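Since the structure of chain A is provided, determine the placement of chains B and C on it from the hints.
Here is how the chains run, residue by residue.
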Amino acid sequence: MLVFAASDKGGTGRSVTSANLAYHRALDGDDVCYLDFDFGSPTAAAVFDLPDVLSEAEGRGLHSYLKGKTGEPLRVDVWARTEHPVLRSRPSGSGRLVLLPGDRTGGEFVTDEENLHRCVDLVLRLKREFDLIIVDLSAGRSYAMDLALAATSPRGGLGRLKNRWLVYHRWTRQHVMAAAELVYGKQGIVLAGIAMGHVPDALNGSIRFVRAAVPDLESPLWSQVSPAQYAWMRQCDKELEELAAGRGIGKTRVLSSIPLEPVLQWQERLITDEDVHDRRIANNETWQAMGDLAQRLTDDKFWGQL
Amino acid sequence: MTGLGTTGGPALVCGEVRTCLLPTRDAVDERTAVELLRLRADERVRVSRHPNRHAVSPDVLTGVDCLLPTANGTRVRAVGTVAARAVLVEGRVLQSTAYFRAPAKGPDRRQPWGYYLVRPGTLVPVGRLAEKPVTEGFLTGHRSGELDIGSVAESLLARISRRHRFLDYDTPLTTADTALRWTAAPADDGEAASLRFTKADDGLRIVELRLPRGTAPDVAAGLCEDLALHDWLLSTVNDKLDGLRVGADDGTAALKVLRPLVDHLLHLWMPQARVDRALRTTWAELEEDAGYSRQWHTLAQRVRDQLTLLHLTRRDALATP
Amino acid sequence: MSGAETVFRETSAEPRTESVPFSHLSLELGHLYMEDFVEGPSRLRRHFASVRPWVDAARAGVGPLPAGRRPRISTCFLIDDYFSRLSTPAELIPPLLAAAAEAGLTIDYLARESGCASPSPAPGEAAHRDRTELAEAVLHRLVELPPPGSNGFRPPVSRTGWLTNGRRAPAQRTSAALDSTGVVWQPPGETGARGHSVFMDVELWSGPEEERTWSCAFLASVWQLVRLGLLRDNGRAVMTPTDWFDKEFPAEWDALPPVLKLNSAADPFTAYVTCSVLPARFLPVEHAVRVILDQVHVEDEAVRMVAERSAGEGFTVPAGVVDRTSYVFPPGL
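Sequence lines, in order, name chains A, B and C. Residue numbering for the first sequence follows this note's numbering, starting at 1 and increasing by one per position. Residue numbering for the second sequence follows this note's numbering, starting at 307 and increasing by one per position. Residue numbering for the third sequence follows this note's numbering, starting at 628 and increasing by one per position.
Hints are computed from structural coordinates only; laboratory data are not their basis. The structure displayed is predicted, hence computed values, not measured ones. Take these hints with a grain of salt, some might be off.
[Said to hold, decoys possible] Derived lysine-lysine pairs resembling DSSO-like cross-links, with alpha carbons at most 27 Å apart:
hint : chain 1 : residue 1 : chain 2 : residue 2
1    : B       : Lys562    : A       : Lys162
2    : B       : Lys505    : A       : Lys301
3    : B       : Lys505    : A       : Lys162
[Claimed, not checked] Partial pick of chain A residues on the chain B-facing surface, computed with a CB cut under 10 Å:
hint : residue
4    : Lys162
5    : Arg164
6    : Arg247
A virtual CB, placed ideally from N, CA and C, is assigned to each residue, including glycine.
Excised from the complex, chain A in its bound form (with noise of 0.2 Å):
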């Protein structure tokens, strides 16, 4: 399967909760892939604590295989080589988790033909040995969400893969209204897709939310609030559930809401069981909703059109 990660904004824990996801699926036993397509602020190899990727990668990156400059992009073991001490004993029965990374000086390019014939071999070649690919885009309306959109495309080439798009956003106002706009407005997702052939409720049914560090009002983090602020906290959330709701948005088409998380506000980083149940850093919660995610990705009750 193929997953785009996408977002209107910038610090909405896409990265981090894409690396997060695809932690626990090759924990599950996938072989998984994770593609930063992030160009011009490439985060991945931090988040899997790779310190040395980001300078291998120049001129072998993903945005050098796209513009023709390399052939093979680089391609790195995240078992094999992180510094993390958790992630470096791989457990047995899990699957490879590979990271291409991009390139640090990249930045935005404009996509032609070329672009688009190197992006397809790419994912059809990684599509042999894994079971899941996971893209990370730019935030924003990017060059890169067009190549994807292209690339999926009945005439695209990846047309027939399965592929599935996570639209992240936080749990706030200018978040939730910018989330529904990147989807469905004038600019949006749906509309440049349905532009280069998509069908509308094939493209519709493929796109899901994910909210991301959404306060929990029941969680023991927000225990010391006096009541006057719990109810206005809660009133917020209301209201903002209401606005999802009239943007399209609403709870039906989240896949799942990734708990506010301490730990990841200090660090991006992949939160593992150890830091919940050893060193009890990180939230059960968080750890829980990061599974429900990987789960509810290739679970077909969650998708299609509603």
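Using the frame of chain A, we list chains B and C on its own:
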């Protein structure tokens, strides 16, 4: 077509084979195999049904004019065409081979293109070839700007993979591609065909062959396709059985791994199915040193034993009230 | 190598290539547009009268042949029924043959340009679905000539439907603001130019891929390859002449086989080398034909057959396909 090491024939033949699982749920039938490999409308796909089903595309050519990789930095420029062909084994495993032959010397300047097109699959050196440095350089890998034969093989795989009219991209198991890079030089008179096989990282295999004088380049390519296919099969099954959790649950996880092996791969082992008799000593060497067939039969037996056990365990579980 | 030991063979694994007969020279007596025919018989008479002396010169130029050998020469004429059809075979062909005869010329073979584009029927059968479009088959046989530095990774950037004799000027793909490399304009170049370039970019076809319109230059290249006996369709000969001796001509072009043999005593249609006597206005087209022919990889077996046969009768055939063609552009055509 003149053979390796003969007068007027090539002094060296080099190539690279890429091997992968065809991106379909099931193996394709012969008709689809022929359609997939029909790279040119006017030339036949060669089909052979014994001892297994095997289809070979016509050769397609890629023009090049560049330096050949050399071990010692000698500058050897060559002009001509690299030939590439695709092979489908039992409608299941797809291979693409890019290869070329090179004579020991050529004209001192580039000739009109027509000169090279009537020598398909030949890279003619501008001047002298320097066989040894080229052999070593080729096997080590190219530097930027030098001949990149792997890309020629890969682009043929990509071209076939894009034919989505015939492909559903829903493979029953994930497998890693391999690249087998090879060179063939003429053996001394009376010396038997021999090989040196190196298994490197990241799916790279390196094979240095010495073959009887007169061996046709496509026959050498056929040998390497056979080596690559069996090495790929062995690596794939080995990978799948590595860390297999047999006692973890009711066996569902193990079954998920084992079943596709039986359905799709175990029947494909057939070394030297089409290898020319004079070249079979190479396989004998490989068997002696690396014990490919011994290992394969052990792995295959293990897969079958595990499935039998799983079956028995499940039946017992059902029988127990 | 171990052929003598082979005890088992499969014919589906061993492709066969049909052989064709060869003349020494295939001599083309001209090429006219439909519009030229409309001008009437005097236009045709003028054409053949101008062609005649050059035909004699071309005949005399065949060789050298081993002592005592008679040169085999066949003449042909191509009618353009692909781009326009102003007239019918019944109206057009008889005056054409008469005009040629008046100038003392015999048209041995008459071909339709559509035949180079469409599937080639076997003699006596209608165009068959499993037969390949000739032009498309040739399109798939193009191997673009590599400018120096081509190493197989990025084959020369091909523009769909076009073919050059060198390197195009790089297109401005990236806006300067986005690309730090700051590409400046570079001129196109002819590969293997002598000093200065004569760069040519040939349009092979136009229109949507499913219903291409082939260019005149591309069909003329196919025509040359047909005359040189170098094309096969899955091993079978293509555009094999159909006997048409003293027969009426139909009212429909499609009712006519692609190549007619009009003269029962003619030497074979296909030949080791070709010569075309053409009006000078075809010069740019034929330049394009040479650019194309220089990049067609013809089936090895077909090339080998020509080499073997010609060597057997002591006739020298140039190795390169393009070198097997020659032209005369006489004055006054």
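Now the hints, each set against the structure:
1. With a C-alpha separation of about 20 Å, the suggested pairing of lysine 562 (chain B) with lysine 162 (chain A) holds against the 27 Å cut-off.
2. About 45 Å separates the Cα atoms of lysine 505 (chain B) and lysine 301 (chain A), which puts this hinted pair outside 27 Å; it is violated.
3. Pair hint lysine 505 (chain B) plus lysine 162 (chain A) does not hold up; C-alpha atoms about 35 Å apart against a cutoff of 27 Å.
4. A least Cβ separation of about 8 Å between lysine 162 (chain A) and chain B falls short of the 10 Å threshold, and the interface hint therefore holds.
5. Hint status for arginine 164 (chain A): violated, given a least beta-carbon distance of 15 Å to chain B, over 10 Å.
6. Taking 10 Å as the C-beta cut-off, the interface hint given for arginine 247 (chain A) is violated, the closest approach to chain B being about 34 Å.
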